[in-house]
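The listed protein sequences derive, respectively, from chains A and B. Count along the first sequence from 1, then add 739; that gives the number in my numbering. Count along the second sequence from 1, then add 180; that gives the number in my numbering.
Since the hints were made in silico from the structure, they are not lab data. Given the structure is predicted, the values throughout are model-derived calculations rather than measurements. Where a beta carbon is used, it is the ideal one built from N, C-alpha and C, also for glycine. Careful: at least some of the hints might be erroneous.
Claimed, not checked - A few chain B residues that face chain A, going by a derived Cβ cut-off under 10 angstroms, partial list only: (1) Ser331; (2) Ala361; (3) Glu363; (4) Ile728; (5) Arg738; (6) Asp887; (7) Ala901; (8) Gly1055; (9) Met1057; (10) Leu1058; (11) Thr1081.
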Amino acid sequence: MISLVPLVVLIPLVASALALIVGRRPGVQRLLTIGALTAVLVISVILLVVVDGDAPLVMELGGWEVPFGIVLVVDRLSALMLVVSATVLLAVLIFSVGQGLADGDSETPVSIYYPTYLILAAGVFNAFIAGDLFNLYVGFEILLVASYVLITLGGTEQRIRAGTTYIIVSLLSSVLFLASIAMIYGAVGTVNIAQISERMGGIPVDVQIILHVSLLVAFGIKAAVFPLSFWLPDSYPTAPAPVTAVFAGLLTKVGVYAIIRAETLIFPGPELNPALMVLALLTMVIGVLGAVAQADIKRLLSFTLVSHIGYMILGVALGTAAGTSAAIFYIVHHIVVQTTLFLAAGLIERRGGSTSINQLGGLLKAAPLIAVLFFVPALNLGGIPPFSGFLGKLALFQASAEQGTPLAYILMAAGAAVSLLTLYALVRVWNLAFWRPASDVEGYESDLLANVSEAPGATTTQVNRTTPKLMTAATAGMVVVSVALTVFAGPLYAISARAGENLEGPSYYVDVVFPGSNDE
Amino acid sequence: MTILLAVFAIVSAFLPALAKILGRRVFLVAATVPLAAFVHTISVGPAILRGDEVRESIAWIPDLSVVIATRLDTLSWVLALIVSGVGSLVMLYCAQYFGKDEKHLGRFAGILLAFAGSMYGLVVADDVFVLFVFWEATSVFSYLLIGHYTSSKTSRGAALQALLVTTLGGLVMLVGLVILAVETGTSLLSEIIATAPSNSLVTTSVMLVLVGALSKSAIFPFHFWLPAAMAAPTPVSAYLHAAAMVKAGIYLIARLSPGFAETPSWQPVLVGLGVFTMLLGGWTALRQTDLKLVLAYGTVSQLGFLTVVLGYGTRDAALAGLALLLAHALFKSALFLLVGIVDHRVGTRDLRKISGLGRREPVLATLTVLALASMAGLPPTFGFVAKEAIFTSLLEGGEAGDAWGWIALVGVAIGSALTVAYSIRFFWGAFARKKDVDPVGDGDAGAAFMFSPALLAASGLVLGFLAPAIDDAIDGYADSVAPVEGEGYYLALWHGLEPALFISAGSILVGILLFVARNRVIAVQERLSGVPTADGVYWQTMRSIDRISARTTSLTQRGSLPFYLGVILLVFVVAMGTALALNGTWPAAVRPWDSTAQVAIGVVMIVAAIAATRAGKRFQGVLLVGVTGFGMSALFALQGAPDLALTQALVEVVTLVAFVLVLRRLPARLGHRNGTGSRGIRAAIGISVGLIMGVAALVALGARTADPISLAWPELSYIEAHGRNVVNVALVDIRGWDTMGELSVIIAAATGVASLIFISGRADDETKGRRRAAKAEMKERRIQAKAESGSDNPRTSWLLAGRTIAPENRSILLEVVVRLTFHATIVVSVYLLFAGHNAPGGGFAGGLVAGLALVARYLAGGRHELAAAAPIDAGKMLGAGLILATGAAVVPLFFGLDALTSQFWEAEVALFGHIEFVSSTIFDVGVYFVVVGLVLDVLRSLGAQVDRDLEEDGTARSVMPEADAPDTTPQTERTVS
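Pulled out of the complex, with its shape left as it was, chain A reads as follows (with noise of 0.2 angstroms):
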């Protein structure tokens, strides 16, 4: 079992080089993409299976004894990262294949894209099981450079714009990231989480802070959180619809994974956590306010996108059991939905011929399953019960309420109405562009959508008649999943539960990484 490990990150990287080899042959490009991710799918069930009937495992790489060398670590919340993201890279993978394949590849360069789409991948699964802080800013480094190359996929103007924004501002979060690894080395003289957790605790408090706050402004800028998220609506949108939907599923929840471990392994002291929900606070309202304000589809998206990781982090920062529970939970639920929403979006685009909808219209009529794999996620992400967003909004509220601290229950209050505003923004966008018919679109002025610039990424591409199967199949795919999360919600929150409770405190993760270290 233990040897399955590697192989997530292993495969894609394999897959990439081979699929930089033959080059010139996208057919077996596809294949090897497709079976890669498929291949990591599988291992990555077989993980959580494992380690969520077991224990965690832990790979000494190079058969190097800690803290010397590397070690890899999957535990409940690894696997579970990795089941997800797996399942959502394959879907959208198949979405643009389907996109590629009905656009006879003439935008998108297939022969960087699978391999680059590789490489994404594996960033993302080093960065999920990476048990050494210098490691996991390598897997930051592989998803980072592999998304630059994504976002500028086509080299538009808008896109070399929007990637040029990304690019320096995520170079800038590695500066910061790669500086509070050399302080934090500085300070315990190891890189291992593991053991940074244990010698952490002989540093003193205000030191162990200034250290907590550098690294928190690093991972902060990854996650977007309020106010390092000003680049992530500017840059998101622009990108192929494929690329956008991957991007907004799952980078910035590395960034909050990266929250999740530093806030429960490294810094597991409360000090921070106050202004941890100030900021959830205001990540919430601030996202939330920039989506009503669009008109965009995807630009509106990527809004809601901010301001939901206002909930994760207000799980983290509640620094309980249940709080990190309602996050993991959160996170699962919002890469899917995310997703989802960002590949309807892209065969809205198709369709419709724009994501604005002051130019969209009549779409429930013209395509009404179109309309249903949009609206089944928005009402997911709108909160609206029994779905999964309702359902993990409820865990963060109970949380919330079990602290019962004045602060948590401001937090509820701010949830609740960012929930609503999500669903107000969202379902305008049901009225205009699905309800609306198609003859009225026109006349539709609105003050508020005028004050805002349009997004600088609204393309206008070809109306299509039909859309590929593949794409299509590929959304329903991620609804069908979407869905599942809700009503296979037992099984999924009692292991987020027990993710959750692995993470109270750091004794439990440093036992397994250094077992027998903790014999008192």
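Based on these hints, arrange chain B on the given structure of chain A.
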């Protein structure tokens, strides 16, 4: 019950498909499901009447204590009967109401049935969260049903409004429910009510729950969505907005009343808002001209009425309230269905345009009278029975010394008068003969059409006579609210000459007078029209939310990268600055430097860095940044890390080359700065970031207590990895996994550069045109060139540049030197690669040296020379490198070892002597390949391809025709298809 819920869900999912075959008869299929629920509810009736409960429970999310628990007690049973009974009748009615070729019937039927299922679920749910699930489900289905006529802007707006208002209430309620569940430790409604703790937190949460109930049941200030929701098809109004959904809030009030009626502010809130809503609704109904709106405001009024009575909290009021709830469901849904028939028959619902319908449709008129009588509370209808009971119970309360009893009594008495008045107005509007209006013509409303309303209207009458039986059925609920000693009130048609009877009579009389004076009432209302309405407040709120959103967003989303970076760095400065300011642990002693050379290098680096920010030209900036890099390299060297120093220096060189290649395409001067004012701020931020980073590092290092793990590395490297170069062993073995990851980073970066360069050349149609022109020109020059040189065998030339680069750009000396040293350099690179394990070098440095050899070939001889030097696809090179590196990680797995575990072999071989081989060398070869691939890719894209673009732009004069070049070129470029 759960099975029934599943049937609701499954059947509604299939209805759209069925509708394609059955047309509007699909409603007959739909009606069977609520009918089944009705029959089931009836069948458990005896048990419920005995006081038993029917419970079912399926675990859903045990960790959040969400259980699909259902429970039928008296209250749920009554509501389940209403929901299922009225539901099936409305669906039967739909089969007549819609035209044969009406569109989207399947969708409508599916949603309507799904709604019925959710409503059924809502009244039987015992878990608060499951209750909330159904609660919100009804909101969503109501949204979809109100917006059924999607082409109408009004109905879309009304749908959105109803959804937002009820969801707002719903979410507030959810917060309340969560707190209640956490406080009581259970999510079961029955247990929460049984525990019913009282403290300020519970009071707050109960109030929050009430907000949800009031918004759902259209109580002031949330009432406005209900009249707007009349944009829905009439059967929806009859079912959702009269009988079922709007009762959800009332149901919840009734449900909580047994446990929480004593909560402070429960009674004032419910009685106060209820009375106000009742009066407001009744008053507004008096001036409506659309028959449906008369009913809608009437419903608002009646919902207020129900809130007062069921919120009042005594046993008798609860009994009376439940009776009124039943009566209301029957008469109001009947009336809506009748309006639908009138609408179909006359073609309008405007009461000013209908005249003489009573004579044409006596049956319709009679049914309407029946239903209206119950609404107005005339004997012997069930509405009368309920109203008598209400007056008596409120009077009891008032006499017992409760001020709210008197308020409630006076309020509902006036409200009843208004009810009588708008009931008469409704009848007059629909059926009376009016002057100046043409009477309606011939026609037939149809008997089948009238079946459902007839049944509903008639049951209002029948139940009046069955009052004692109803009393038996529902007093179980009343007793649960507040048990009384002795005999409580009972429902009956005749209670003797009680005060209630006189209040009834009085309100009827006032009602008639109000109708008679209807024109004056309308005049008064018009004079009051300046008062802000709740609806107006809603629209203002929405608009200000939109405005605030737009303003906040334009404030934060400037679209300016410097702004975003500034904010991020400012956050860093403020957060870290605060943390440092609060820090009390400072290093006891600081050793500022090890040698003065460090200081000198440091100063140079600082100066270069500052100068780089002030550089006016790009090239200047690049060079200055390069200085900091070489400074770093020097610091490594001083620190005793020759390997790092070497690699860093090589990296700087390659970076510089790449920059220079790119700079050819960019304007020499940096863009003008935007605003001098911000420059000071930027400088301040930059300096603060640097200082804070430095101080933080100092503090962090000063706090070190444990030995760093790297102290063990030299020994580990030598003993276990058989390498004397710790840096190399760390790279390829101890932390080889990182290196592998970074290799993929390099590959992605190289690929990205290629993707951008090759794509932009291809996508630009304009250059294509120019390219053709340039090619034509080149062809001409090629012929010329051939003629001049007299040679037609280009392959034989040793220095290719002679054929491809214009003489003034050549340096023969350089070309020759490069050609002569090339192979030697490659050999050195390979040496570095293999020596790396024990001496400075390694795959990275080796690869860079090989890369520099290629750079030299390119710089000296141009792109054709490069192609000749490395006739291989860069992508394949990168791929092969990664295969080697990952292979080194994968292979040990097959032997059951950890990934990347290295093996060591040594042997004595004749002639060669002692030979050692460490398997991690293979990994290092992979590194070498990837680095060479990267350099090659950069040269091909930023070098060769940019050359080509420049040539095509006509800026390069030193062009020799492409076709003249040796054959090695065409297939080696990495192409992007």
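We went through each hint and held it up to the structure:
1. Annotation: B/Ser331 was flagged as interfacial toward chain A, and the flag holds, the nearest CB pair being 5 angstroms apart, inside 10 angstroms.
2. Interface hint at B/Ala361: satisfied, since its Cβ lies 7 angstroms from the closest Cβ of chain A, which is below the 10 angstroms cut-off.
3. Contact between B/Glu363 and chain A, as hinted, is supported at the beta carbon level, the nearest pair being about 8 angstroms apart and thus within 10 angstroms.
4. About 6 angstroms separates the beta-carbon of B/Ile728 from the nearest beta-carbon of chain A, less than 10 angstroms, and the hint is met.
5. Against a cut-off of 10 angstroms between C-beta atoms, the interface hint on B/Arg738 holds, since the closest Cβ of chain A lies about 8 angstroms away.
6. With a cut of 10 angstroms, the hint placing B/Asp887 at the interface with chain A holds, because the nearest CB-to-CB distance is about 6 angstroms.
7. Because the closest C-beta pair between B/Ala901 and chain A is about 9 angstroms apart, less than 10 angstroms, the hint holds.
8. Given hint, B/Gly1055 at the interface with chain A, holds; its Cβ is 5 angstroms from that chain's nearest Cβ, closer than 10 angstroms.
9. Given the 10 angstroms rule on beta carbons, the hint for B/Met1057 holds: about 9 angstroms separates it from the nearest Cβ of chain A.
10. Interface restraint check: B/Leu1058 against chain A, minimum CB-CB distance 6 angstroms, threshold 10 angstroms, status holds.
11. About 4 angstroms separates the beta-carbon of B/Thr1081 from the nearest beta-carbon of chain A, less than 10 angstroms, and the hint is met.
Hint compliance for this structure: no hint is broken.
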